[in-house]
Amino acid sequence: MSDETCASMHLLIQADHDGELDAADAARVAAHVQVCPACAAHAAALRRLSTRLRAEMPADALPHRLQATAARLSAPPRVPAWRAIRRQSPGFAAGLALAACLAVVVLPRRAPDLADQAVTAHIRALQPGHLMDVASTDRHTVKPWFAGKLDYAPPVQDFAGVGFPLKGGRMDYLGGRPVAALIYSRAQHLIDVTVWPGAAAPSRDGTTNGYNYLSWSHDGMVFWAVSDLNKAELQAFAALWR
Amino acid sequence: MTGSGPGEVFARIVVPHLPAAYRLALWLLRDKAAAEDVVQDAAERAFRHIATFRGDNACAWVLRIVRNQAVETLKKIRPTAELDEDLPDQAPLPDADLVRAEGEITLQAALAALPPTLRECLVMRELEELSYRDIADIVGVPVGTVMSRLWRARQLLLAQTEVFRA
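Chain order of the listed sequences is A and B. Taking our numbering, the leading residue of the first sequence gets 26, the next gets one more, and so forth. Taking our numbering, the leading residue of the second sequence gets 12, the next gets one more, and so forth.
Bound-form chain A, shown alone (with noise of 0.2 Å):
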């Protein structure tokens, strides 16, 4: 290959690198790469620097005054709602409390979707201070706190050797039932297992707002793994599990 077809595939071997790529042109790369020393010495190096850059740099977590100022702005309003839109407009009252009557018929049909639910608390749970209820890296102090919470052990395992190591746990509420919650690290992300007992169930993936999520079901255990972690990255974190 000439150095100005080289040049020319950096941008390409790199958008490949970075899962830019339509499968076309990540096969055009492929195929170049597959020939040409130079460029395959690239996208090598492209890979060992992702590796030791998330590998290597700190995750700073969010200061104190910026959790005290999240939790400030997120609170609701002192007047009641209610009382609020009664005051601006009765007529927009009256739509509300028809509303209100709709949804009774049609609530009861439309359940939240475990995948919603799964993701809605892992949101809930990056509120500053809803995160953890235990917070330890040692799974023999996470087990036993969930004994006398919950009618089941739920499995707790620490992956920190293969890169997700266990943060803690926390007390959650999903699918109609007190649930228990594992957190996990990746670099940046954090990852919310949440795990009951349960029936074999056909494993699910998807994004809701954003956030990644992905269920299976082992030793007739439930698992939901919610994160703002890259699709690969878990599901590789959920065949630790199985």
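If you are wondering where the hints come from, they were derived from the structure by calculation, not from laboratory data. Remember, predicted model here, so these are calculated numbers, not experimental data. C-beta: ideal position from N, C-alpha, C; glycine also. Hints are supplied without guarantee of correctness; some may be wrong.
Okay, the calculated beta carbon distance ranges per label pair [what the hints assert, rightly or not]:
| id | chain 1 | residue 1 | chain 2 | residue 2 | range |
| --- | --- | --- | --- | --- | --- |
| 1 | A | ASP163 | B | LYS86 | 46 to 52 Å |
| 2 | A | GLY235 | B | GLY16 | 20 to 26 Å |
| 3 | B | LYS86 | A | ASP47 | 35 to 41 Å |
| 4 | A | PRO169 | B | ASN79 | 46 to 52 Å |
Since chain A is already given, all that's left is putting chain B on it; use the hints.
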């Protein structure tokens, strides 16, 4: 059902992205107190303008507000237009205390020494895993510019941190 008061919308749209916003501000400004001030101001601003949020990309919306605020602060701290596109041939030397005893430049030091325009693209791509499109929206440049900045950032880092390797 999720509520729709400004606080609830803020909790849903903005709060999940504050850690990423803080990390971006920290990498741009390289000063914890300044980054904290920037995110504090940006959070207040996002709250005031929460009703103007349209669409589905809350992350890009929040990071754009924080990034703009951080760039303003950066201009005040270093008015010598460090944000300029034009790069010196060699990146400035990293802080001495970030250089390891054995002489190898740490990755962190090399990243810190990148010009901010390159650094922000790399941080958003590598550490926050944003798409080219999102980064382009946040920075306000075409996708092609994001790609070339990422390439230059990576080549600079590789040249600096792998120079001592056999």
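Verification of the supplied hints:
1. A:ASP163 <-> B:LYS86: 46 to 52 Å: Given about 47 Å between the Cβ atoms, the range holds.
2. A:GLY235 <-> B:GLY16: 20 to 26 Å: With Cβ atoms ~21 Å apart, the hint holds.
3. B:LYS86 <-> A:ASP47: 35 to 41 Å: The hint (35 to 41 Å, Cβ to Cβ) holds, given that B:LYS86 and A:ASP47 are roughly 39 Å apart.
4. A:PRO169 <-> B:ASN79: 46 to 52 Å: Given about 48 Å between the Cβ atoms, the range holds.
Against the hints set out earlier in the document, no violation occurs for any number.
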